[in-house]
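Q: Chains as they are written, first to last, in my numbering: chain A, 1 to 430; chain B, 1 to 430; chain C, 1 to 430; chain D, 1 to 430.
Hints are computed from structural coordinates only; laboratory data are not their basis.
Heads up, a few of these hints could be off.
[Unchecked claim] If you anchor each label on the Cβ, the simulated ranges turn out as follows:
# : chain 1 : residue 1 : chain 2 : residue 2 : range
1 : A       : T162      : D       : K169      : 57 to 65 angstroms
2 : C       : K35       : A       : G120      : 32 to 40 angstroms
3 : C       : Q137      : B       : A48       : 45 to 53 angstroms
4 : B       : H314      : D       : D133      : 21 to 29 angstroms
[Said to hold, decoys possible] Under the rule of at most 35 angstroms between Cα atoms (straight-line distance), these lysine-lysine pairs were calculated in the DSBU-like manner:
#  : chain 1 : residue 1 : chain 2 : residue 2
5  : C       : K204      : D       : K275
6  : D       : K170      : D       : K113
7  : C       : K35       : A       : K35
8  : C       : K45       : A       : K35
9  : A       : K142      : D       : K170
10 : C       : K142      : D       : K170
11 : A       : K35       : C       : K396
From the three backbone atoms N, C-alpha and C, an ideal C-beta is built for every residue, glycine too.
There are 4 protein chains.
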Amino acid sequence: MKYAIQPDVVSAHNDKLASDLNRDFEVLGEQLSRKGVDINALTEKAQAFDIAVPSWGTGTGGTRFARFPGVGEPRNIFEKVEDCAVIHQLSGCASAISPHFPWDVVDDFSELKAHSDSYGLSWSSVNSNTFQDQPDQAQSYKYGSLTHTSAAVREQAIAHNTQVIEWGKKLGSDTLTVWVGDGSNHPGQQHFQRAFERYLDSAKAIYAALPGDWEMHLEHKMFEPAFYSTVIQDWGSNILAAMETGERCKSLVDLGHHAPNVNIEMIVSRLIQFKKLGGFHFNDSKYGDDDLDSGSIHPYQQFLIFNELVDAEHRKQPGFSPAYMLDQSHNVTDPIESLINSAIEVQRSYIKALLVDRTTLEGYQQDNDALMASNTLKGAFNVDVSPILAMARFRKNAAINPLATYRASQYREQAAVARPDTGGSRSGIV
Amino acid sequence: MKYAIQPDVVSAHNDKLASDLNRDFEVLGEQLSRKGVDINALTEKAQAFDIAVPSWGTGTGGTRFARFPGVGEPRNIFEKVEDCAVIHQLSGCASAISPHFPWDVVDDFSELKAHSDSYGLSWSSVNSNTFQDQPDQAQSYKYGSLTHTSAAVREQAIAHNTQVIEWGKKLGSDTLTVWVGDGSNHPGQQHFQRAFERYLDSAKAIYAALPGDWEMHLEHKMFEPAFYSTVIQDWGSNILAAMETGERCKSLVDLGHHAPNVNIEMIVSRLIQFKKLGGFHFNDSKYGDDDLDSGSIHPYQQFLIFNELVDAEHRKQPGFSPAYMLDQSHNVTDPIESLINSAIEVQRSYIKALLVDRTTLEGYQQDNDALMASNTLKGAFNVDVSPILAMARFRKNAAINPLATYRASQYREQAAVARPDTGGSRSGIV
Amino acid sequence: MKYAIQPDVVSAHNDKLASDLNRDFEVLGEQLSRKGVDINALTEKAQAFDIAVPSWGTGTGGTRFARFPGVGEPRNIFEKVEDCAVIHQLSGCASAISPHFPWDVVDDFSELKAHSDSYGLSWSSVNSNTFQDQPDQAQSYKYGSLTHTSAAVREQAIAHNTQVIEWGKKLGSDTLTVWVGDGSNHPGQQHFQRAFERYLDSAKAIYAALPGDWEMHLEHKMFEPAFYSTVIQDWGSNILAAMETGERCKSLVDLGHHAPNVNIEMIVSRLIQFKKLGGFHFNDSKYGDDDLDSGSIHPYQQFLIFNELVDAEHRKQPGFSPAYMLDQSHNVTDPIESLINSAIEVQRSYIKALLVDRTTLEGYQQDNDALMASNTLKGAFNVDVSPILAMARFRKNAAINPLATYRASQYREQAAVARPDTGGSRSGIV
Amino acid sequence: MKYAIQPDVVSAHNDKLASDLNRDFEVLGEQLSRKGVDINALTEKAQAFDIAVPSWGTGTGGTRFARFPGVGEPRNIFEKVEDCAVIHQLSGCASAISPHFPWDVVDDFSELKAHSDSYGLSWSSVNSNTFQDQPDQAQSYKYGSLTHTSAAVREQAIAHNTQVIEWGKKLGSDTLTVWVGDGSNHPGQQHFQRAFERYLDSAKAIYAALPGDWEMHLEHKMFEPAFYSTVIQDWGSNILAAMETGERCKSLVDLGHHAPNVNIEMIVSRLIQFKKLGGFHFNDSKYGDDDLDSGSIHPYQQFLIFNELVDAEHRKQPGFSPAYMLDQSHNVTDPIESLINSAIEVQRSYIKALLVDRTTLEGYQQDNDALMASNTLKGAFNVDVSPILAMARFRKNAAINPLATYRASQYREQAAVARPDTGGSRSGIV
């Protein structure tokens with residue numbers, strides 16, 4: 001087992017903080033026990049929580065206007081794995097990497113897998129890319145991929161997806177996530193129904209190549225890169241496509257891909273009810289697909305989403321096992337810091353949602369006691385569960401204070417020296 | 001056959017305008033023939049076009065803050081029928097009335113039917129009301145109707161809907177439109193999944209009472225009266241509910257019931273594709289469910305919706321026969337004027353959409369010639385089809401200039417005398 | 001001094017909860033002291049916090065579709081004062097009432113003042129109403145009030161506002177809040193510039209009647225009741241109007257009156273900077289002017305607004321003294337419960353904002369350490385300050401658990417008996 | 001005088017279309033004369049209309065995800081000028097170019113000016129760029145430019161702007177347009193007031209360098225590239241900044257830079273009223289700053305904006321002379337085609353707005369005849385003014401059918417050969 005950061009850097013930091021943590025944990029435990037909640041059971045839940053990190057998130061992101069790269073950015077998937085190792089080592093809750101192809105293609109996948117194994121990291125869903133043209137590509141995706149009017153383009157896009165599945169198998173993944181930017185910028189440019197029919201045909205062709213124990217996740221998005229219409233524009237088109245495609249085809253929810261004001265937690269509930277919730281791309285946003293750090297703008301909304309998830313778990317909803325992943329663009333922060341922080345913020349929502357007394361809530365719902373139902377959720381949200389999260393990390397030899405530990409480790413400064421050339425990086429997406 | 005306005009008032013007006021109309025029609029006909037379009041075929045389409053008027057739309061609408069009634073408002077369904085007769089007589093394209101129960105309940109439906117028959121008017125979809133409490137009601141809808149946690153409330157709401165079907169049969173209707181305000185104002189107030197399950201059970205119970213040649217239309221709405229969650233909040237929940245409920249259960253699209261920026265014409269296409277487009281509530285809006293006059297804010301969007309409808313007609317999409325209705329709140333205009341004007345504005349979109357050369361458009365779509373595809377639609381939209389609409393009215397003995405004719409008829413002034421008491425009107429919804 | 005609820009009901013409840021509260025307060029104090037924060041200083045701030053209650057908020061609200069009144073609603077301003085007395089007695093932070101005229105007009109204002117004095121309540125800003133027609137009114141506001149094209153209507157609206165000032169003087173108020181629904185539903189209906197010029201003239205005429213120690217607050221709103229344009233549609237028009245009108249004319253921010261996605265805390269900062277922040281109408285919303293309970297949907301946004309307010313206080317920004325008021329529509333809850341709860345939720349945001357270490361934050365801002373700046377705010381927000389809020393109430397003889405105490409008091413049940421007729425209530429606005 | 005396209009290609013096309021055009025023009029003239037409108041006066045207005053083209057718009061645009069360049073893209077400002085020459089030659093209404101620095105910096109500006117002069121093109125507002133880092137730059141704009149916490153960065157940004165003015169002088173420009181992406185992605189990252197104070201200081205420093213006959217235009221934008229807050233986020237901050245900076249500092253309106261649902265025509269009216277409307281960046285959008293072709297999504301909104309502009313012209317509003325410019329991202333079309341088409345679509349809105357009978361409209365406004373006021377605008381909008389636009393082009397030796405002429409000219413195919421290397425183009429912004 002390798003470590004991206006020397007374990008003694010972590011333990012030295014933890015040593016200084018352990019006493020206060022123990023005290024805060026004890027006190028919170030006492031308060032929770034008054035409500036009949038066992039803090040250690042909660043802490044075990046926190047220890048078991050895990051969220052995947054996207055390989056591309058380790059690079060600085062940008063906008064169509066500019067990208068301002070930081071120093072020491074990873075130049076290839078091996079270096080991205082190292083950064084992911086830091087994230088997991090310090091957060092204790094991010095042990096899987098989600099790769100993006102062809103960005104992360106390597107000659108020798110067994111070498112890559114050995115590399116990630118050495119850090120105790122695994123591979124979650126694999127992502128295909130048919131929204132960009134690659135240098136050696138026969139057909140262009142300028143006017144679409146899985147929905148293109150040309151059969152040759154669609155076939156190329158389908159073949160790429162089946163290739164991605166093959167690469168994923170080598171890494172031990174079991175999910176293919178399909179996001180396409182297909183759509184139109186002008187009214188009339190695309191025939192809505194024909195485009196969707198082509199999408200369904202393409203999706204079925206990919207699904208046919210899916211191993212029997214894999215899932216295929218479709219991702220919807222309201223707009224961008226297409227600005228008048230997008231083929232899978234919302235959860236309605238998404239779930240219909242998933243239903244048409246096959247049982248193991250499910251819908252993926254990215255928090256930033258919805259129309260303004262939309263009640264996302266309700267969409268989550270609908271997908272759970274119809275057994276089609278595949279997973280999440282967590283991030284936060286104020287305007288569009290801003291890809292901000294999870295929980296940094298609307299933490300209560302994130303909690304309300306987890307309220308649905310924990311409720312489904314609690315009700316033992318059949319077939320419920322969504323995949324969690326971060327999907328953010330880190331334009332002004334150190335990506336490693338943002339990913340550590342965001343993983344924990346998602347974990348925070350999960351633990352808070354576990355605090356909701358579901359029997360009490362159900363009683364208020366049954367009685368239409370709207371204010372007490374609301375306060376039941378707010379009461380759980382208001383509890384500061386930081387000691388639980390910190391204790392979960394401490395017990396897993398992760399960092400009580402991950403950001404301070406990271407900065408003290410000088411990992412970034414060392415990477416800046418070790419990785420001099422980041423100009424050409426394809427990470428961070430811009 | 002009775003007339004709400006003396007036919008000689010109409011013909012006197014038309015006589016003055018006929019010469020210019022004939023000239024404009026001739027010239028436009030020449031221009032269209034250059035493009036291979038037969039103006040008389042289009043005019044026949046315009047003559048055949050019809051859109052239903054909601055009975056409640058004949059009264060002045062309002063907001064939660066105030067209602068400013070006009071003079072001579074209809075005080076009962078018989079007077080509303082008279083106003084609808086004016087609308088159809090002058091517009092020539094609004095021969096059906098959509099009643100709302102219990103507002104429009106009468107002791108003797110055959111008397112009401114004879115009344116509407118005498119004006120040549122028929123009855124389109126019947127609307128139930130479980131979003132308000134009626135004076136004599138056993139159970140309150142304060143916390144929901146079809147989704148209420150109490151079985152007694154749900155049963156009352158179901159019974160009301162089946163009663164509405166019975167009333168509708170007496171009037172010759174063949175569609176039940178179900179809109180409920182059910183939802184919540186507080187996170188936690190309602191269990192999303194359980195509420196939706198109750199909705200589905202209730203909808204199926206109503207559907208079981210539906211005559212074999214009727215359709216049932218479900219209407220979704222993002223918000224208002226519920227401000228945190230609404231049970232049928234969007235087309236996604238709507239189509240799933242329609243699919244679960246039965247083959248003749250379809251989705252109804254109200255143009256003002258969507259999230260900001262949503263591409264409504266695409267939703268229309270999806271519903272057509274999945275054979276679930278039941279019909280429309282036409283109106284326009286800038287902010288929320290503003291219920292403004294159709295085409296007064298976003299005329300191009302209304303055209304793009306008709307582009308989908310005409311395309312489906314053109315492709316002979318199986319099972320395609322949506323119902324058209326206006327649903328507006330006339331807060332600052334004479335409702336009769338707004339309804340006449342709006343019926344014609346919807347008709348205008350239909351005729352413009354018929355001008356689209358679909359073979360040409362399909363070619364541009366196939367070639368990804370986005371600009372020419374866009375211009376094909378814009379080119380049709382830019383044509384001023386007013387002479388076609390006016391000629392269609394003229395040929396049906398409706399008014400060439402409906403608003404001027406209406407004002408000249410002094411119908412409103414006479415109604416003000418004949419209908420002195422409008423204070424207690426339930427029309428206009430507020 | 002009178003009490004709306006028997007003090008021994010309160011103290012009996014408090015007795016049962018005091019021990020746990022003391023324990024939680026002690027523990028939190030210890031945790032805060034580690035960060036250099038004095039919990040008692042914070043608690044004094046909480047004790048000093050006060051937010052006004054709108055008289056109309058004590059009745060059940062509604063929508064244009066329906067209103068579902070509760071039992072025991074106040075039938076006049078005297079009964080509203082009693083309800084406000086309950087709210088303040090239990091919350092300890094809502095000692096002022098904001099009246100609405102002509103709804104709250106009485107024959108004898110000294111009697112009304114004596115009534116409120118007896119409960120230790122005072123009167124904050126007075127509100128005029130030119131968005132509804134009153135039975136005896138000469139001119140109608142159907143097409144506007146302060147901006148109407150008719151001078152007679154404008155003069156009536158101005159005269160009403162100056163009359164409201166006179167009534168306010170009798171109650172000891174020192175602020176006039178002006179909200180008008182003026183605007184248009186159709187493009188072209190109103191000439192934007194001329195309407196705004198008329199607004200400015202009217203505002204200046206009212207301002208001329210303002211006592212020298214009063215402020216006049218203008219309230220903007222994006223839409224509703226006008227659905228195409230509103231004269232004071234946003235903070236831009238608001239601040240320009242305030243600047244044109246006079247030094248003591250300021251802008252009032254209602255949290256639900258903005259376009260989707262707008263950064264409200266930034267608007268607050270701008271108004272502070274230009275010395276034009278008059279005050280707030282607190283509520284929460286998901287879609288439009290939903291008037292939901294404060295902090296029930298976007299608690300972090302409410303915190304971020306208080307972060308601006310506390311920052312201005314901290315910087316001793318000249319002329320900074322905004323007025324706080326709740327403005328909510330309680331459609332599905334007991335209004336007294338919602339107002340108690342909401343007053344405390346606003347207070348909660350204030351106390352959390354006081355926890356922000358402004359020196360540390362400024363350092364991160366100076367260094368562009370975006371993540372640590374964000375975490376500094378989130379860190380303060382994450383602290384559960386409930387013990388501070390409860391202790392502040394306890395020390396003021398208010399209720400440690402206000403909702404439980406209120407329910408135990410059976411105040412509503414007694415009001416239901418004492419106030420049998422609520423059908424005609426003008427409270428709650430619908 | 002040079003031509004980008006051989007004049008005989010244009011005239012050959014025109015010859016084929018002239019007969020039908022003359023016929024349509026004659027007929028429309030007759031129809032308009034019935035309404036008292038002189039078609040030749042309108043055509044002269046159309047001939048006099050001119051809108052600037054942004055140099056960067058001649059390249060294919062893109063998104064943060066990808067850019068799909070077309071063939072024959074201009075590789076430098078000289079080639080961009082040639083493309084602009086095509087646009088003007090065929091549209092007859094786009095004689096000015098707006099350059100962007102440092103993208104368009106050349107060693108010898110007199111050579112560039114001679115080049116544009118040779119095509120009869122002039123230079124409109126110059127644009128500075130402090131939202132990207134240039135290779136040789138001392139300070140980074142990652143965390144802001146004019147508002148950066150570091151004085152050195154601000155000074156560099158100010159110096160760049162004053163340099164841009166100097167370059168602009170050499171080209172004969174008289175306006176500096178300032179758009180900055182400054183803002184924040186995290187709550188707390190930036191102190192709103194201090195950032196705005198720094199902005200004002202920087203703006204004043206630039207203004208001090210402005211020649212006495214120049215204007216400085218500030219551009220606001222709700223979001224992107226900053227996703228939590230933007231320093232000049234809306235017209236409120238914009239006009240306040242313009243007022244603080246100086247008399248010749250004005251606000252520029254980009255149609256895609258507003259919050260959802262905002263009434264942009266009303267903002268235009270406010271800026272006109274306060275003598276601060278500097279100009280426009282025309283484009284269209286459905287979701288965010290989509291930068292779609294002008295009038296392609298919301299043509300009626302564009303008309304309503306011109307209704308305000310024509311009204312101000314009609315009222316001889318003092319100091320009213322806004323600058324018009326296109327600002328679009330052409331991701332899926334040939335940029336030359338989109339720019340030709342868009343220039344004409346803006347011109348179309350202008351001519352339609354001239355058709356509004358302002359005396360009649362004012363009468364309806366005075367009488368609160370909302371429907372007839374609305375119909376007065378819609379009536380003008382419904383007229384198909386295409387023959388006027390085509391005749392204006394024909395009379396200026398531009399193309400009756402610009403797109404067909406352009407395609408027939410094979411300009412793009414020739415450029416593809418003449419400009420083999422477009423990979424490194426900085427045009428199109430991505």
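Q: What hint numbers does the structure not satisfy?
A: 4, 9 and 10
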